[in-house]
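Starting from the given sequences, assemble the full structure and let the hints guide the process.
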Amino acid sequence: MPAPHGGRLVDRVVPEAEREERLEEARSLKALRITPDQAREVENIAHGIYSPLEGFLRREEYESVVEYMRLPGDVAWTLPIVLDVEVGTDVREGRTVALWEDDEAPLAVMEVEEIFPLDRRRHSREVYGTEDESHPGVAKTMAMGGLLLGGRVELLREPESPFHAYRLHPKETRVLFRERGWRQVVAFQTRNVPHLGHEYVQKTALTFADGLFINPVIGRKKRGDFTDQAILATYQALIDHYYLKERSVMVVLQYEMRYAGPREAVHHAIMRKNFGCTHFIVGRDHAGVGNFYHPFAAHRIFQEFPDLGIVPVFFNTFSYCRRCGGVVNEKVCPHGPEDKVEFSGTRLREMVLAGEKPPPEIIRPEVAEVLLSLDKPFVE
Amino acid sequence: MIRKKEEERDSKFTTVSIPTPLFEKIKKRIEGTGFTSVSSYVVYVLREILAEESASQDEAFTREDEERVKERLRSLGYLD
Numbered sequence: 030m031p032a033p034h035g036g037r038l039v040d041r042v043v044p045e046a047e048r049e050e051r052l053e054e055a056r057s058l059k060a061l062r063i064t065p066d067q068a069r070e071v072e073n074i075a076h077g078i079y080s081p082l083e084g085f086l087r088r089e090e091y092e093s094v095v096e097y098m099r100l101p102g103d104v105a106w107t108l109p110i111v112l113d114v115e116v117g118t119d120v121r122e123g124r125t126v127a128l129w130e131d132d133e134a135p136l137a138v139m140e141v142e143e144i145f146p147l148d149r150r151r152h153s154r155e156v157y158g159t160e161d162e163s164h165p166g167v168a169k170t171m172a173m174g175g176l177l178l179g180g181r182v183e184l185l186r187e188p189e190s191p192f193h194a195y196r197l198h199p200k201e202t203r204v205l206f207r208e209r210g211w212r213q214v215v216a217f218q219t220r221n222v223p224h225l226g227h228e229y230v231q232k233t234a235l236t237f238a239d240g241l242f243i244n245p246v247i248g249r250k251k252r253g254d255f256t257d258q259a260i261l262a263t264y265q266a267l268i269d270h271y272y273l274k275e276r277s278v279m280v281v282l283q284y285e286m287r288y289a290g291p292r293e294a295v296h297h298a299i300m301r302k303n304f305g306c307t308h309f310i311v312g313r314d315h316a317g318v319g320n321f322y323h324p325f326a327a328h329r330i331f332q333e334f335p336d337l338g339i340v341p342v343f344f345n346t347f348s349y350c351r352r353c354g355g356v357v358n359e360k361v362c363p364h365g366p367e368d369k370v371e372f373s374g375t376r377l378r379e380m381v382l383a384g385e386k387p388p389p390e391i392i393r394p395e396v397a398e399v400l401l402s403l404d405k406p407f408v409e
Numbered sequence: 052m053i054r055k056k057e058e059e060r061d062s063k064f065t066t067v068s069i070p071t072p073l074f075e076k077i078k079k080r081i082e083g084t085g086f087t088s089v090s091s092y093v094v095y096v097l098r099e100i101l102a103e104e105s106a107s108q109d110e111a112f113t114r115e116d117e118e119r120v121k122e123r124l125r126s127l128g129y130l131d
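Protein chains in written order, with my numbering: chain X, 30 to 409; chain C, 52 to 131.
Just to be clear, a hint being listed does not mean it is correct.
Derived, one-sided and incomplete: chain C residues facing chain X with beta-carbon distance under 7 Å [claimed, not checked]:
no., residue
1, VAL93
2, TYR95
3, ARG98
4, GLU99
5, ALA102
The hints are simulated quantities; they were obtained by calculation from the structure and are not laboratory data.
Being a predicted model, the structure only gives us computed values, none of them experimental.
Think of the CB as a built atom: it goes at the ideal place given N, C-alpha and C, for glycine as much as any other residue.
Here it is as C-alpha cells:
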C-alpha cells in the first residue's frame, strides 16, 4: 500500500471525547459562514483525503502550487485548495474563527494564519489554462471573494449524510484494504451511471490488481446530470449482479468537480493514493469540459510526476463491437465503425427520458431496470 | 517588479555540479524526448528515486484506532 501523499495521513478531526467542549468554545469565536462546497473541502482536509494539507493554502503554498504544481517541500500538488472571503470581511490574521455551514453548530475551527489577495485572472489562467468565463471553473473563480484565508483547520463534528453507509475515510479504507489482503488496488472515479464500457475498463484493470475501489463523486451537479442517488443505485445493482464482493468496494467522495482537466486528473490520483490505492484509472479527457483541453492532456501531465506514488492507468476509447461480441478498444478490435455501438451519454439520457430500456450492448439489464424505476434520475 | 520576480524564481532553484561527460551523455540521451533540458531530466530522475525510497513508510495507527475502524467496517458490512 502506498504511504499517504507527503508521507503522513493527516487527521484534523477533534477526538470524540473533546468534541462537546470544543464545540462550546467554538460558539464564542468569530463566526464565518461557509458554503456546502467549502464545508466538504474542510472535511476532506480533516479526514486526510487531501494529505499532506492540514488546512487551506497559505500564500507561499498557494504561489508554489499555482506556479509549479508542487507544495514548497516539493510534494506534487496541482490544485489550490483555498478559502475565499469577500474583501471587507471582519477577519484578522492570527485569529481563530469558527466555520459555520448551517445554523445548527459550527462545523470546524480555523487558525487564520494569513490573508492574501486573490488575482482571479491569474488563478484562472494558471489552474484552468484559460480566462474564458464559459469554463465552469473560471466562472466560479470570477465569482470568488477577493481575499484568501490560509491556515489549519480542525473538524468539530460530522455532518449528517444521506450516503452514510457509503462514506469511508482514508483511515478506514486503508484498514479495509489490508484486512482484505489487497496489495494492488485500482481506483475508478465516476460521475455517471455505469455502462458496459465502464465495466470493461474496471474489470480489465482489476484483472491485474487485487481489488477495485469504485469512487463516485457526490455533490453539486449540473442540471441534466444523473442524480447522486441514481449513480449509487445503478452501481450497487451492477456490483450485486456482476462483481465479486470480495474484490470490489464502492465508497463515495464528497467533492466539487473543478473541470480543471490535467491538473485535476493528478489531484484525483492523489486523493485515491491517500485512500490507499496503488493505481488510478485515467480516462479520455479526464476532468475536462467542452473543448478546453486536449483529449489526452490528462494522460500526458503524469509524465511530469515520477514521484506521485500512484500509477496512472490510461484508457482511451472503447465501444461495443457486434462482430467481436463484446466491449473492445482500439488496440484489440480490427472491425470498422459499422460494427460498433458507441457508449453515448447523451443517447442514454434520451432513452431514459423516453422511458425506453437501453439495449444490453450499452447497459446491463439489471442496471437499466433500476435506472428506469427511479422517479427522478436527473438533476432538475 | 520584474527583478523581484526573477529573484523569487531564482530562490526556488539551486545549482548542483555534475561531471561534464555525464552532462554531455544526458544531453544526448534526452534528444527527441519530452525533456527540454538536462536540468529537467535530472530533476525527474531524482524525484523518481526519492519517491521510491519514501514509498514504504508505515502508517501510525494506534491499536485502539484500528479496532474502532474495524468495528465500523463490520457494522457497515465491509468486513465479515
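Evaluated hints:
1. Interface restraint check for VAL93 of chain C: the shortest CB-CB distance to chain X comes to about 12 Å, outside 7 Å, so the restraint is violated.
2. With its C-beta approaching chain X no nearer than about 5 Å, TYR95 of chain C sits inside the 7 Å limit, and its interface hint holds.
3. At a threshold of 7 Å, the smallest CB-CB gap from ARG98 of chain C to chain X is about 4 Å, leaving the interface hint in force.
4. Evaluation of the GLU99 of chain C hint against chain X yields a held restraint, the C-beta minimum of about 4 Å falling below 7 Å.
5. Here the hint on ALA102 of chain C is kept, as its CB sits about 3 Å from the closest CB of chain X, short of 7 Å.
Consistency note: the structure conflicts with earlier hint 1 alone.
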